[in-house]
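Chemist: Using mature numbering (1 follows the signal peptide of the UniProt record, and there is no 0), the letters of the sequence shown map in sequence onto residues -18 to -1, 1 to 46.
By construction, these hints were calculated from the structure, which means they are not laboratory data. Glycine included, every Cβ here is placed at the ideal spot set by N, Cα and C. One should not assume that every hint holds.
Stated by the list, open to error - With a straight-line Cα cutoff of 20 Å, these simulated EDC-like cross-link-like pairs (lysine to aspartate or glutamate) come out: (1) Lys25 with Glu35; (2) Lys25 with Asp14; (3) Lys46 with Glu35; (4) Lys13 with Glu24; (5) Lys36 with Glu24.
To be verified - Simulated DEER-style distance windows between Cβ atoms: (6) Val8 with Glu35: 39 to 47 Å; (7) Ala37 with Gly16: 28 to 36 Å; (8) Gly20 with Leu(-8): 35 to 43 Å; (9) Thr(-12) with Ala15: 33 to 41 Å; (10) Lys25 with Ile(-11): 46 to 54 Å; (11) Leu(-6) with Ala29: 49 to 57 Å; (12) Thr(-7) with Ala19: 33 to 41 Å; (13) Thr(-12) with Ala29: 54 to 62 Å; (14) Lys36 with Gly16: 26 to 34 Å.
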Amino acid sequence: MKTSLWTITALTLSLSLAACNTWQGVKEDAKDAGHAAGRGIEKAGQATGRGIEKAGEKIQDISK
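Let the sequences and hints guide you as you build the complete structure.
Modeler: Written as structure tokens, this is what we have:
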């Protein structure tokens, strides 16, 4: 009985520590994904701004 209790305790502790590492990895992956999404949004905003600027220049050229 003592051996099985010790085995269950050791197994529970091992799984708890493994879950802690897994959760830390999930948090790091989510943070990296958030940064990548932010960079993508920033690049999209810059491209949109350049497109609007070029469209404005074309409209000015046409109206001359």
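Chemist: All hints are to be evaluated individually against the structure, with a verdict given for each.
Modeler: Here is what the structure says about each hint:
1. Lys25 with Glu35: holds (15 Å)
2. Lys25 with Asp14: Between lysine 25 and aspartate 14 the Cα gap is close to 17 Å, so the pair holds against 20 Å.
3. Lys46 with Glu35: With a Cα-Cα distance of about 17 Å, the restraint between lysine 46 and glutamate 35 holds, given a limit of 20 Å.
4. Lys13 with Glu24: holds (17 Å)
5. Lys36 with Glu24: Cα-Cα ~18 Å, so holds.
6. Val8 with Glu35: 39 to 47 Å: holds (41 Å)
7. Ala37 with Gly16: 28 to 36 Å: holds (32 Å)
8. Gly20 with Leu(-8): 35 to 43 Å: holds (41 Å)
9. Thr(-12) with Ala15: 33 to 41 Å: Roughly 38 Å apart at Cβ, these two residues keep to the hinted range, so it holds.
10. Lys25 with Ile(-11): 46 to 54 Å: holds (52 Å)
11. Leu(-6) with Ala29: 49 to 57 Å: holds (52 Å)
12. Thr(-7) with Ala19: 33 to 41 Å: holds (37 Å)
13. Thr(-12) with Ala29: 54 to 62 Å: holds (59 Å)
14. Lys36 with Gly16: 26 to 34 Å: holds (31 Å)
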